[in-house]
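Number of protein chains: 2
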Amino acid sequence: MLEAIFAPQSVALLGASPNPNRLGHQVFKNIVEHGYQGRIYPIHPTASSVLGLTAYPSVLDVPDPIDLAVIVIATDHVLAAVEQCGQKGVKGLIVITAGFKEVGGEGKERERQLLEVVRRYGMRMVGPNCLGIIDTISKLNATFAALMPADGEIAFMSQSGALCTAILDWSKTAGIGFSRFVSLGNKADVDEVTLLQAWNEDPHSKVILAYLEGITNGPGFVQVARQVTQRTPVVAIKSGATAAGTRAVSSHTGSLTGSESAYEAAFAQSGIIRASSMEELFDCALAFAYQPPMSGNRVAIVTNAGGPGIIAADAIERSGWLTMAEFTSETIQRLQRDLPSTANVFNPVDVIGDARSDRYQVALSAIMDDPGVDAVLVLLTPQARSDLPETAQVIIDLSSRHTRPVLTSFMGAYSLGPALELLNQHHIPNYPFPERAVSALAAMARHRDWQQQPEPEYAQFAVDQARVRELFAQVRQAGRVELGEIEAREVMEAYGMRLPQSRLARSPEEAVQIATDIGYPVVMKISSPDILHKSDVGGVKVGIADATSVRDTYELIEYRARKYSPNARIWGILVQEMVRKGRELLVGVTRDPQFGPLVAVGMGGIYVEVLRDVAFRLAPISRQEVSAQLRSIRTFPLLRGVRGEPPADIAGTEEVVLRVSQLVTDFPEIVEMDINPLVVHNRGEGVIVLDARIILQG
Amino acid sequence: MLEAIFAPQSVALLGASPNPNRLGHQVFKNIVEHGYQGRIYPIHPTASSVLGLTAYPSVLDVPDPIDLAVIVIATDHVLAAVEQCGQKGVKGLIVITAGFKEVGGEGKERERQLLEVVRRYGMRMVGPNCLGIIDTISKLNATFAALMPADGEIAFMSQSGALCTAILDWSKTAGIGFSRFVSLGNKADVDEVTLLQAWNEDPHSKVILAYLEGITNGPGFVQVARQVTQRTPVVAIKSGATAAGTRAVSSHTGSLTGSESAYEAAFAQSGIIRASSMEELFDCALAFAYQPPMSGNRVAIVTNAGGPGIIAADAIERSGWLTMAEFTSETIQRLQRDLPSTANVFNPVDVIGDARSDRYQVALSAIMDDPGVDAVLVLLTPQARSDLPETAQVIIDLSSRHTRPVLTSFMGAYSLGPALELLNQHHIPNYPFPERAVSALAAMARHRDWQQQPEPEYAQFAVDQARVRELFAQVRQAGRVELGEIEAREVMEAYGMRLPQSRLARSPEEAVQIATDIGYPVVMKISSPDILHKSDVGGVKVGIADATSVRDTYELIEYRARKYSPNARIWGILVQEMVRKGRELLVGVTRDPQFGPLVAVGMGGIYVEVLRDVAFRLAPISRQEVSAQLRSIRTFPLLRGVRGEPPADIAGTEEVVLRVSQLVTDFPEIVEMDINPLVVHNRGEGVIVLDARIILQG
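So the sequences go chain by chain: S and B.
Each residue of the first sequence is one higher than the last, beginning at 1 in my numbering.
Each residue of the second sequence is one higher than the last, beginning at 1 in my numbering.
Hints are computed from structural coordinates only; laboratory data are not their basis.
Possibly wrong hints are sitting among the right ones.
Each pair may be met inside one copy or between any two copies, as identical chains are not told apart.
Unchecked claim - 20 Å max Cα-Cα, derived EDC-like pairs, lysine to aspartate or glutamate:
#1 K172 <-> D387
#2 K91 <-> D674
#3 K581 <-> D552
#4 K108 <-> D64
#5 K172 <-> E421
From just these sequences and the hints, can you work out the full model?
And the structure:
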């Protein structure tokens, strides 16, 4: 997939200028000079050759087939040139030229037309308005960047071209290599989803990095990412996450950005590791690219200094994903035997400041033989007796004989040069401070945890879709978008949720009959499509205990409704089962413009309102996901039961969320819905939807 | 202060060996070779000279006075040598030799003896078991480190000597300089408090950094730090914060570590900025050392690339301490006039990828003239047309003409060398990624916020100390450490807290009389020093509404108490005012071994138990601190009133916390106390201590 772009047999550069000051010249030079083995055709209106290669006035004049066309010509000429590429049978396009959607107005229209031509000829296009792409396997550098990165196993995509240049510049000094390097630009055709798909089974990439500002096709992204992360770790930075950031994004490329909660849910549900900074993105990348995967979360530390050992142990405990390994007694005996008596033989192992490489050797050998160690972090502060390159070599040798990840934090810089070079050459990732090494290890542990999750199971409950369709049609026919209480009730029932028994009475006598059927005490509520806040007009009464009170209440509610809302249509009075108290939850759905239905769950009332203790997942939600969702709210212990309370009906709660997920997936026209409260009784005693609200697309 | 250690007129090195393989040789070389201008005396049992300087067999043989003695001799000889130093009139000691407290057992005793000699002669001592100290003002390097740092305005202290060497090594490459650099070692005499005091008015240090594992004198630390931070920012990293870290600390130096909550409170109350990693420690240090203080929290960004601008805007919003500056219309007009039309003239200002230094110049000039900008962050990604050193020069020139902090994030590395060198030379801190620059700015904003806090006011309520002293004596006389309910009540009353009216009845008739006096309904409780869990034996009844019920209840409670606890002493039955419902808080005190009384406040019940929503402060607590403490709990909105509830009596709540603070400060023998619940009524309606528990030191 995307072969024509990343590994074309031949490349034409439209805008290959002989003038070294032109952008097109720089791109052409990059294609020619970095070892690309295919045929290269400069296209220029007048030049007969560029950098010694025969130039042609247009792609149509090139005698041979062309796989990829890279376009660096003036905006006004792009459309015609791309049309010619289509005619020529070009398969891939990289449009570096800017002046499209990002400038708004006619640029937007120009981009639409461009995409239309691309689609008509079945071509694939990166850009427009991008830096280009680099592929170190085919040695193709089709960018105007000043640098070619080293070979490596990191695939990188970025929605910001400028960030690409900064990263290339930085990677050159850090000695970090890439397999593929893509500036996405306006992503009119090829976007993050296309690239994830293309890189899914890429043998050349051990980790995929993404800098994202906005995702266009949310559900597609989640679906593809979920597959890719089964095999390859994906680490992403999503910017524009705050209000200020979003304003900055919109003044930048006008990307549509989904809500932060939706992104959080999307990353959680697709196994993408979210980096909180550019630095963390690359710290994780190095660990994934250089080291074997982790097979557990137990970390051993070897250090020649106590302080850094404590810092690392703290960071491990704080990470939430790692624990400190506990050594077997054999390991401890070996360490006691082989290390000086002043050494600490427990984790973190302290080989003491005067340690030379031999002491690291014995400590690391013992630890790497311990079956209770899943990863090793080697810390070193340069001391008078330290033999730095030798110690690096010891680590390299031992790590090559074991399959566990080994990371280092040689702290300092001035005297570390040769040692750091050795470590990097042999793909031992080194971090200047121990906390950064730990954060990379935590990412590895998270990735492993994700890969060990069982296949997601999606419940498919037997429901009455037809009834819901009918109800929605009725609501629309009545010119409404919000469902009335009885309608919302029916929808819930059609999707198998339990509600309080309830029937509409049209007279006091009928109300008494219903109450007798349901059993006392009952709740009575005014039923009117025109009265939204029933309590405000005295339209709700609870705990009505006998027939006389039912009659009295009926007349009182009816009187008040007519008095306070003289024009309201009154359908009658609902007589409802009075539900026992239980723990109260809220289940809410909003529709995110990029990601679709986003389901929120939280303990009701102030927990949601004041403490914002809510967890989100995108629908459809799997059984595993709803379980994780519920357990990720801080107040989950209240459901499990605190202070000797029995546990709540968690299984029943999860089922309601899954049924809601099924409902909003079946009916994309639901733009908002709330179950508030969902009353949750004790385990095995069920859950009841007390009130529901559904709003359809206008 | 500590002049003899940091700026001595003369130094003797005990253990100055002519043998270059000895540690003492290295230290002596460091003293001789880095420009120290005082007199230097090598002390060696046999050598007649070391490195060309006349050697003496002991300090007593030196003909001139000695200010400072640096000791690098075998552990066994230290005590005698220090005794001689005392006789000689030496004022300061740096004991590099190890083998003291850190080895336990006799080492501990040896350190005690050492300290005794030091104190007897009125000397001051750094160490033992340390790397030594460096002072770049007096050019004294009295360490065995291989490197001398550059001059600078950062004062650094570390409890880990190895970390010192790592930092020296790293600073050499990063081009960072220090004023003072101290390895504290075992801190038998000079500790973090001594150094903070010594550096309080140090004209050579613009920021103080500390790596701390444990603080010995908590209250002293808070008191001194609070003064120092009024003038000089102090940034600290406290390791050993987690359980794993603490285990690592204790196997390291055996430092006593206080509880994490106590450290959090200590840092908050003394204005110390806590760095979460070594990297952040130095990121903050650079900003404080190189740039003028911030006078507000509004940050303007200039960038040549959208992506990094968004990343920085996100980080600013997330920081909690900064906001994005909003430009005046003049600024926007100037930017519109002077920048190309494709530029973004709102914050973050995007001068576009092809910007050269002139465009940065016009953008920065306009922004720096804007009165709504308190700090400027300049971002740059190296692009084809970028003129990096020229842009650096523009920033340097403009920043020298303004008093606002200017930080940069030139992203990349390879092509940035000369530009970064220029920036560093001219003290513009550069960060490889924008998030790190923002975190440094946030530290500056925090420091400013702290400095603007008014002088703390400590309430001093009129209380009855004598009564409490008497009560505690009674309790001890009775062989107890836990106060009975009535005793605890009396303590609370003696400190001016309101409790439900309550009297002890010894008969049913007396109970009726008391209930009539108090007013119905009442609460009745068994009163016995031997029954701790009153409810469990049916010993508490609420809502008793009339005289007959009071009589019945009296006999029932008495009967049950005798039945379930036949041996309990029964004092009678308490008849209490039944307190109206209100919001419930918990006010608790524990005594931290390092910091003393630690006062916790949280909303009662599950908020504390499940959500751990508690805020801590160290007593004595000022009026401002209690206000911040209460507002820092997540559930504070419940006190302010949610869903139309009236606000609670926050002033009354604060007063109770202050009275508790006064109580536990007056009586250090209180090791634990709880008010649970404190019932808080609506604003102006007061707060009532419903139940209190006090435990004295055993």
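Results for each hint:
no., hint, result
1, K172 <-> D387, "between (27 Å within a copy, 19 Å between copies)"
2, K91 <-> D674, "neither (48 Å within a copy, 75 Å between copies)"
3, K581 <-> D552, "neither (25 Å within a copy, 32 Å between copies)"
4, K108 <-> D64, "neither (34 Å within a copy, 86 Å between copies)"
5, K172 <-> E421, "both (13 Å within a copy, 18 Å between copies)"
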